[in-house]
Structures are given as C-alpha cells and as structure tokens.
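*Asks:* Generate the whole structure from the sequences, applying the supplied hints.
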Amino acid sequence: MKKDLNTINETAKSYGLKLPMTSQALEVYKNAIKEGFGDIDYTGILAYLKKSTKSEKQHN
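FYI, this note's numbering numbers position 43 of the sequence shown as 42, with every residue one higher than the one before it.
Be a bit skeptical, because a hint or two may be false.
Claimed, not checked - Here are the simulated BS3-like pairs of lysine-lysine, each with C-alpha atoms no more than 25 Å apart in a straight line:
(1) K1 x K50
(2) K53 x K33
(3) K50 x K2
(4) K12 x K2
(5) K17 x K2
(6) K12 x K29
(7) K49 x K33
(8) K49 x K2
(9) K1 x K29
(10) K29 x K53
(11) K33 x K1
(12) K1 x K53
(13) K17 x K1
(14) K29 x K17
(15) K49 x K29
(16) K2 x K33
(17) K29 x K50
(18) K49 x K1
(19) K29 x K2
Hints are computed from structural coordinates only; laboratory data are not their basis.
*Replies:* Now the structure itself:
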C-alpha cells in the first residue's frame, strides 16, 4: 500500500498535480508503520486509526 501511495504521489507530482488526500493517506500509513501497524493490510490501518482516535480523546 505504501508503495502504491508513493507511486501515485510521484506520478502526480511529475504532472504538476497535487493530490492532498493521497498525500494525507500516505502520512497516515507512514505513522501506522512507525506504530507497528504497517505489516498487515488495511485492517492494520483501521486499528491504528482507532488507537490514535482514542489517544486524541484522552488528551482532550
């Protein structure tokens, strides 16, 4: 998934396009990998988002 998002962003950049949602998705994926959720498929991303949402609620 990370490879695909990188390819999309690089291709868009080569055409002078900005894809903010794709860039944001790549950042979320990179953060998930750092937190140990990147070795599995999209379910790992969902678990990461669930965890990070709980953390944000606890800090507020």
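*Asks:* Each hint should be assessed against the structure and marked as holding or not.
*Replies:* Hints and how they fare:
1. K1 x K50: holds, 20 Å
2. K53 x K33: holds, 17 Å
3. K50 x K2: Since the Cα atoms of K50 and K2 sit roughly 24 Å apart, the hinted pair holds (cutoff 25 Å).
4. K12 x K2: holds, 15 Å
5. K17 x K2: holds, 18 Å
6. K12 x K29: holds, 19 Å
7. K49 x K33: holds, 15 Å
8. K49 x K2: holds, 23 Å
9. K1 x K29: Holds, at roughly 8 Å.
10. K29 x K53: holds, 19 Å
11. K33 x K1: Status holds; Cα separation ~13 Å.
12. K1 x K53: Roughly 24 Å separates the two Cα atoms, so the pair holds.
13. K17 x K1: Status holds; Cα separation ~18 Å.
14. K29 x K17: Roughly 19 Å separates the two Cα atoms, so the pair holds.
15. K49 x K29: Within the cut-off at roughly 16 Å; holds.
16. K2 x K33: holds, 16 Å
17. K29 x K50: This hinted pair holds, its Cα atoms lying about 15 Å apart.
18. K49 x K1: Given pair K49, K1 holds - Cα atoms ~19 Å apart, limit 25 Å.
19. K29 x K2: Answer holds: K29 to K2 is near 11 Å, not above 25 Å.
In the structure shown, no violation is registered for any of the earlier numbered hints.
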